[in-house]
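**Q** Sequence:
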Amino acid sequence: MKGNEIAPNIIDNSPGRELIQVIKDQLKKSNEAKFAIGYFFLSGFCLVKDDFPDNLSNIPFLKIVMGNETTYPTKEELVAGYKLRELFKQRMIEDLQRQKLTEVQI
1 MKGNEIAPNI
11 IDNSPGRELI
21 QVIKDQLKKS
31 NEAKFAIGYF
41 FLSGFCLVKD
51 DFPDNLSNIP
61 FLKIVMGNET
71 TYPTKEELVA
81 GYKLRELFKQ
91 RMIEDLQRQK
101 LTEVQI
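The numbers in my numbering rise by one with no breaks, and the one at position 26 of the sequence shown is 26.
Do not rely on the hints blindly, as some may be mistaken.
To be verified - With a Cα cut of at most 20 Å, we get these calculated SDA-like pairs of lysine to any residue:
(1) Lys-89 <-> Lys-100
(2) Lys-24 <-> Pro-53
(3) Lys-63 <-> Ile-93
(4) Lys-49 <-> Ser-14
(5) Lys-28 <-> Pro-60
(6) Lys-49 <-> Lys-63
(7) Lys-24 <-> Tyr-72
(8) Lys-28 <-> Tyr-72
(9) Lys-34 <-> Tyr-82
(10) Lys-28 <-> Lys-63
(11) Lys-34 <-> Gly-67
(12) Lys-63 <-> Asp-25
(13) Lys-24 <-> Asn-58
(14) Lys-49 <-> Pro-60
(15) Lys-29 <-> Met-66
(16) Lys-49 <-> Ile-23
(17) Lys-29 <-> Asp-50
(18) Lys-34 <-> Leu-56
(19) Lys-34 <-> Tyr-72
(20) Lys-75 <-> Phe-45
(21) Lys-63 <-> Phe-35
(22) Lys-83 <-> Pro-60
(23) Lys-24 <-> Asp-50
(24) Lys-24 <-> Ile-37
(25) Lys-28 <-> Gly-44
(26) Lys-29 <-> Phe-61
(27) Lys-63 <-> Arg-85
(28) Lys-63 <-> Gly-81
(29) Lys-83 <-> Lys-100
(30) Lys-28 <-> Lys-49
(31) Lys-29 <-> Ile-11
(32) Lys-49 <-> Phe-35
(33) Lys-89 <-> Tyr-72
(34) Lys-75 <-> Gly-44
(35) Lys-89 <-> Pro-73
Derived by calculation from the structure, the hints in this document are not laboratory data. Keep in mind the model is a prediction, meaning the values are calculated, not measured.
Turn these sequences into a full structure, and let the hints guide you.
**A** Structure representation (structure tokens):
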């Protein structure tokens, strides 16, 4: 490194090194996105929602490990999503139990 030059892999929100732009640039060409964050707000997620690849090869594409700090609306969305997931899982189990599946089908 020369003089005041910052390491190229450090994102410090200086002009041309803004986190949001780096994330937007990287999402389109990524196979998956993993984030470890202290807090999560849907308003921030909305800034990048259109920057995901058109064809997702890995499902789930996005994985987030987050702290417990968020806003009430974001918490409610996360709770609703979790409840929907559990409901879907329970209905799928019930549907499979009603079917008379052979060992080959299982």
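**Q** Straight-line Cα separation of Lys-89 and Pro-73 no greater than 20 Å?
**A** 24 Å, violated
**Q** With the threshold set at 20 Å, check whether the alpha-carbon distance from Lys-24 to Asp-50 stays at or below it.
**A** 9 Å, holds
**Q** Run the distance test for Lys-34 versus Tyr-72: straight-line Cα separation, threshold 20 Å.
**A** Violated. Lys-34 to Tyr-72 sits at ~24 Å, over the 20 Å cutoff.
**Q** Are the Cα atoms of Lys-49 and Phe-35 separated by 20 Å or less?
**A** 15 Å, holds
**Q** Hinted pair, alpha-carbon criterion (20 Å max): Lys-63, Gly-81. Please report holds or violated.
**A** Holds, at roughly 14 Å.
**Q** Keeping to a limit of 20 Å between CA atoms, is the pair of Lys-28 and Gly-44 held or broken?
**A** Answer holds: Lys-28 to Gly-44 is near 17 Å, not above 20 Å.
**Q** For the pair supplied as a hint, Lys-29 and Ile-11, is the alpha-carbon distance within the 20 Å limit?
**A** The hint holds at about 18 Å.
**Q** When you check the alpha-carbon spacing of Lys-29 and Met-66, does it fall within 20 Å?
**A** Not satisfied, since the Cα-Cα distance of roughly 23 Å exceeds 20 Å.
**Q** Going straight from one Cα to the other, do Lys-83 and Lys-100 come out at no more than 20 Å?
**A** The given pair, whose Cα atoms are some 28 Å apart, is violated under the 20 Å limit.
**Q** Between the alpha carbons of Lys-83 and Pro-60, is the straight-line distance 20 Å or under?
**A** Judged against 20 Å, a Cα distance of about 18 Å means the pair holds.
**Q** Given the hinted pair Lys-49 and Pro-60, is their alpha-carbon gap at most 20 Å?
**A** 15 Å, holds
**Q** Checking one constraint from the list: CA of Lys-29 to CA of Asp-50, max 20 Å. Satisfied?
**A** Holds, because 13 Å separates the two Cα atoms, which is no more than 20 Å.
Checked against the numbered hints given earlier, the structure breaks hints 3, 4, 7, 8, 15, 19, 29, 33 and 35 and satisfies all the rest.
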